[in-house]
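Read off the chains here:
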Amino acid sequence: MLAAEASEEFHSPGPADFEYPQIIGGFSKPMLIIVLGTLAVALFFYFAVRRAGIVPGKLQFAAEGFYGFVRNSIAADAIGREGIKYVPYLATLLAFLIVLNISGIIPFLQFPVTSRIAIPLFLALITWVIYNYVGIKRQGFGGYFKNMMFPSGVPVAIYPLLAPIEFLSTVVFRPITLTLRLTFNMFAGHLVLLLCILGGEFLLLHVGGLIGYTAGAVSILFGVVMTFFEGFIQLLQAYVFVLLSAVYIGGALTHEH
Amino acid sequence: MEGSLNMVGYGLAAIGPGIGIGLIFAAYINGVARQPEARSVLQGIAILGFALAEALAVIGIGLAFAL
Chain A
1 MLAAEASEEF HSPGPADFEY PQIIGGFSKP MLIIVLGTLA VALFFYFAVR
51 RAGIVPGKLQ FAAEGFYGFV RNSIAADAIG REGIKYVPYL ATLLAFLIVL
101 NISGIIPFLQ FPVTSRIAIP LFLALITWVI YNYVGIKRQG FGGYFKNMMF
151 PSGVPVAIYP LLAPIEFLST VVFRPITLTL RLTFNMFAGH LVLLLCILGG
201 EFLLLHVGGL IGYTAGAVSI LFGVVMTFFE GFIQLLQAYV FVLLSAVYIG
251 GALTHEH
Chain B
1 MEGSLNMVGY GLAAIGPGIG IGLIFAAYIN GVARQPEARS VLQGIAILGF
51 ALAEALAVIG IGLAFAL
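So the protein lines, in turn, are chains A and B.
What the first sequence shows, in this note's numbering, is residues 1 to 257, in sequence order.
What the second sequence shows, in this note's numbering, is residues 1 to 67, in sequence order.
Here's a subset of chain A near chain B, in silico, CB distances under 8 Å, partners left out: (1) 15; (2) 77; (3) 177; (4) 180; (5) 181; (6) 185; (7) 240; (8) 243; (9) 244; (10) 247.
Keep in mind the hints are simulated off the structure, nothing from the lab.
C-beta: ideal position from N, C-alpha, C; glycine also.
With the sequences and hints as input, model every part of the structure.
Laid out in structure tokens, this is it:
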């Protein structure tokens, strides 16, 4: 390599890049993003329906479109006619998740807060409480677990194998996979962006030469492309989280026989 | 060379979900090509299947960093 006097070595980004220092008294940048995101969602819906009219304005049209999408494409499809009752929760969840995910590609924020496991975990636990509560309320405590673990139409000999698997997957693994899917999608995406941009910066500024400038420019360009791709993934994962929540609630509401 | 062998393992582990997601979207594209008006119905199912298959890859990357 021509200019191999690279004084410092390149440190590839890792989990340590997700730890932010405190700004003041235990208040860090991810917390700031959560507060801003919550305010953004709240203000958007407040101003959208403040002067709700029969002929909607631009903002009201956007909010109604969003709400209608959750109602028609998520709740009605995954839960059915009873889904209307759960649209407020699902719409709030989707708006909150979109804002927190998309903060990963907004300039100056540039950190998807949902890559910290606490937030998806808490939201997944809310979903867990809702679908278990709804299932127990609808089918009774015994009926809920009986329908879950001993579905009809299955040979009796399979039950010893099926019952523990069904119980574990419904009660234990659903919230865990819900949490991990969102967390590590955001984590891995942010890591890729860090690698492209920091690697490109290192190649351009510290390596140089024909190879360094070419590879650095390609790396930065790839980082820009990946940023747009990451935006798409962030929207998709917010949708997936809400869709799965709706599917779980729908599953708890219906008898399988 | 520095780095963790975990990441090599994760790369191997990601083959399975990769094939699974490929099969799901292949079936989705086939379905839409044969019956374009079924697109809206198939889309939700395809994304649901994608999310379930992808959970494996995502658990893999979590364990690769954690272990």
